[in-house]
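Novice: Grab the two chains, each in its own frame, and use the hints to assemble them into the complex.
Taken in order, these protein sequences are the chains called A and B.
Taking the numbering used here, the leading residue of the first sequence gets 1, the next gets one more, and so forth.
Taking the numbering used here, the leading residue of the second sequence gets 1, the next gets one more, and so forth.
These are calculated hints, taken from the structure and not from any lab test.
Warning: the hint list may mix true and false statements.
[Said to hold, decoys possible] Partial list, derived from the structure: chain B residues whose beta carbon lies under 10 Å from chain A:
| no. | residue |
| --- | --- |
| 1 | Trp-3 |
| 2 | Asp-5 |
| 3 | Leu-6 |
| 4 | Val-13 |
| 5 | Asn-17 |
| 6 | Ala-20 |
[Claimed, not checked] Just so you have them, the derived chain B footprint on chain A, three or more residues with Cβ under 8 Å:
| no. | stretch |
| --- | --- |
| 7 | 97 to 111 |
| 8 | 214 to 222 |
We put the CB at the ideal spot given by N, CA and C, even for glycine.
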Amino acid sequence: MKAVVGEVRQVRVMLNSNYAVAYAVRDVDVDVIAAYPITPQTGVVEKLAEMIASGELDAEMIHVESEHSAISAVIGASAAGARVFTATSSQGLELMHEVLHIASGMRLPIVMSVATRALSAPINIWCDYSDLMNVRDSSWITFIASTAQEVYDTVVEAYMVAEDPRVLLPVIVAYDGFWMSHTYEPLYVPEDSSYVRSLVPRRGRIVLDPEKPVTMGSLVGPDWYFEIKYQQVEAMREAYNVIREYDSVIYKAFGRVYEPIETYKLDDAEVGILTYGGIYGSLQEAVDRLRLKGYKVGAIRLRLWRPFPVDDLYRAVRGLSALIVVDRAISYGASVAGPVALEVIGALHRRGGGPDVVSFVAGIGGRAVTESDFEGMFETYVKLGRRAVEAGTLYWGVRGVEYG
Amino acid sequence: MSWRDLPPGGMIVEPGNSVARRTGDWRVFKPVIDQDRCTRCLICWMYCPDGVIGIIDKPYKTSSGRVWSFSLYIDYDYCKGCGICAEECPLKAIELVEEVK
Numbered sequence: 001m002k003a004v005v006g007e008v009r010q011v012r013v014m015l016n017s018n019y020a021v022a023y024a025v026r027d028v029d030v031d032v033i034a035a036y037p038i039t040p041q042t043g044v045v046e047k048l049a050e051m052i053a054s055g056e057l058d059a060e061m062i063h064v065e066s067e068h069s070a071i072s073a074v075i076g077a078s079a080a081g082a083r084v085f086t087a088t089s090s091q092g093l094e095l096m097h098e099v100l101h102i103a104s105g106m107r108l109p110i111v112m113s114v115a116t117r118a119l120s121a122p123i124n125i126w127c128d129y130s131d132l133m134n135v136r137d138s139s140w141i142t143f144i145a146s147t148a149q150e151v152y153d154t155v156v157e158a159y160m161v162a163e164d165p166r167v168l169l170p171v172i173v174a175y176d177g178f179w180m181s182h183t184y185e186p187l188y189v190p191e192d193s194s195y196v197r198s199l200v201p202r203r204g205r206i207v208l209d210p211e212k213p214v215t216m217g218s219l220v221g222p223d224w225y226f227e228i229k230y231q232q233v234e235a236m237r238e239a240y241n242v243i244r245e246y247d248s249v250i251y252k253a254f255g256r257v258y259e260p261i262e263t264y265k266l267d268d269a270e271v272g273i274l275t276y277g278g279i280y281g282s283l284q285e286a287v288d289r290l291r292l293k294g295y296k297v298g299a300i301r302l303r304l305w306r307p308f309p310v311d312d313l314y315r316a317v318r319g320l321s322a323l324i325v326v327d328r329a330i331s332y333g334a335s336v337a338g339p340v341a342l343e344v345i346g347a348l349h350r351r352g353g354g355p356d357v358v359s360f361v362a363g364i365g366g367r368a369v370t371e372s373d374f375e376g377m378f379e380t381y382v383k384l385g386r387r388a389v390e391a392g393t394l395y396w397g398v399r400g401v402e403y404g
Numbered sequence: 001m002s003w004r005d006l007p008p009g010g011m012i013v014e015p016g017n018s019v020a021r022r023t024g025d026w027r028v029f030k031p032v033i034d035q036d037r038c039t040r041c042l043i044c045w046m047y048c049p050d051g052v053i054g055i056i057d058k059p060y061k062t063s064s065g066r067v068w069s070f071s072l073y074i075d076y077d078y079c080k081g082c083g084i085c086a087e088e089c090p091l092k093a094i095e096l097v098e099e100v101k
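Bound-form chain B, shown alone (with noise of 0.2 Å):
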């Protein structure tokens, strides 16, 4: 592919694209969801500034004994590990890991 192949400059002409480029990859800290404590009150699924939080059809049994129907999930290949979660998660259910290993 050469210059000649691009649309003026540089203009994306196929909407919907972002699929194609996993956008996570300059994160430095993964949020991580401690399903146990989690009260499933969804404050970080309406904070999450990319939408990368899923409600996912998986139940849950905690080590209390309560059982929820779903699980919360965070799709890292999109999370810019901005930490707005785990600020405002009201049970600090969610921690912050540093991706360096």
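In isolation and in its complexed conformation, chain A is listed as follows (with noise of 0.2 Å):
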């Protein structure tokens, strides 16, 4: 056991990302869950539940029958004042896709992880991240973390960025599902967990309240409704300034950094590779290999999905000659099929200039990515050049399918 810098005492455990979340959760002492079991996420819950169970955490945990009624239970609860927290995959998301809406338009500080995983057809219970991607217009401010470390810290946070009254917008905190679901990892946590409470203070708004009763989600006619939607655009450009300030406060307590837009050996780099989630470790460490190899490359990581880090990434990758994006989702029929990729160059467009931005999806329904993919996407790039650019979007590893 030892104290890593920060505020306050941390006692180093072995968690898989599935209970770092449950942790997290824990001690931020949420007041309701609800849930319903899917592969990979449900050891969140399950270790929820045996915390309630042993009195570790006083919550309310409401057993229903689908993930439509979970985010529904959880939209009432919140809509009452109570803390809530809901998780889930996949099928499960995509069920819930219609009240994720009214989660955000009722401006409800819910917050949910989401180990990411494939979509039917065909089943496929593995990680990639076409659940996530599927729901990145429903106005959820949407981390993707690495590993579960960052988790933790990340759940934790988003609580903090959730309520704060300047946003009042929900939050997804994603992860790479069996990759990070199931993986055990070290990381640190606070010895006492009133101390995280006390990070999160309690903080009012507006709630179900017979003694002065309000109407949420009423009808609004098309008179009105633009400008309630666009105060969601504005809650969500606003969250990135309150997402950096608890930034400041997750490293004041914990000593840990996070950043919109994270890199590893980027100053001197010509070419840098971006991707998020768990695979960016095997993406530094491709980087090395690489730099052995005599090429200037460096990586980037994604952290923060919604909302979009332009300028951050702007900041990042303007001096670089070619930016690889490496998805692991596919937007079928778009102009380039990598949904981060997409949004990449739709930053730099806003920019003007930039690098030349070359597309791949890899690692699809849980098929790996290692090093050696990444250098060999890095090499295949060298290989086709500005052709890479204009084929829209590589698959990586599909059989049959070869670039050259």
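Specialist: Rendered as structure tokens:
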């Protein structure tokens, strides 16, 4: 046991990312949890149920018949003023889809973890980001974590952000299904959870209260609907600044630095490789290997997906000649099929200039993306040059697809 | 007034304000009570899902000479023209009249 730098004394524990979520949810002292089991998320709520049964966490666990009901139940509880939590994956997230918009439209500070997983059909329980990318326009703030440590810290931060009166939007904390949800890693958690509660004090907001009745989610016609949706645009914009403030709070408390865009060996790089989630470690390893071969290459990780950190990205990549974006989701029929690659192109277009963007899709349906895969994608780009940009998207590792 | 002036999410923070909005203006058929045939059984008053049928303190004398101490009245500002009153009336004393002029 050893304390790391930061205000609070911490202990080193061994957890997978599902349990890291559960520990954080316990430490912020949620009131109501509703979730429906789905692989690979189930471990989160199993652990929480265990914590409630043992008296470690004083919360209400609502058993529901579907994810549609799970999110609906936490919407009700949140509207009544409770601090709430839910978790899901894949088809479960898709079943929630219409209700996700209601949660954000009602401006409820709900926090949900998503252990990302491929979508049916064919049925596949393994990791990719198709589920998460499908809900990108639902006005949920979305973090993508890369380690169990970051999962713990980000769930705590998610409550700070969601409940901030300048934001009042729901937050997703996503991480790789199986690669992270079921893989144990060492991490530090505060010894005393009351310290975590002090980081996330209860704040006043308008809630359902018979003493002071309000109506939430009422009908709004063409005369005012646009203004109310514009409030969400502004809240999402403001969320960026609020997140940066709480990144500092997390640093002061735990001694760990989080930024919307993280980089590795990028300072003198000519080509950058950007990805998100648990494969960032493999990418860093691949960068080391490519540097041994003499390539000036660096790694970039996207931590904050919504709101998209346009300026942070631009600052990091503007000097590069090319930027390879490795997505683990397919936007079928899109101009560029990698959802993050498409977003990166939009961000660079907005700022003007910047590197050529090469979009790779890899790791679909839980296929491993190793150091060698990143090296292979980089070398394919070197071989193709400008043709890699013009291709739109390169599908890495598909039998029968060859480039060059 | 701008987007800034609205409560978050278009929440209605002032209770009981539905009186400020006349919700009967999308009605297609308007129920009209024949005070002469009506026996004041109050079935329409019980069935109305919007509570827009009122009992008013106004005596009425029918063509056959019967005197009622009260009349029934429909608040057309809020009646949505669902027709339940006309359907339930055992005397068929409520007629649905098309609103289109």
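Novice: Please list, smallest to largest, the hint numbers that this structure does not respect.
Specialist: 6
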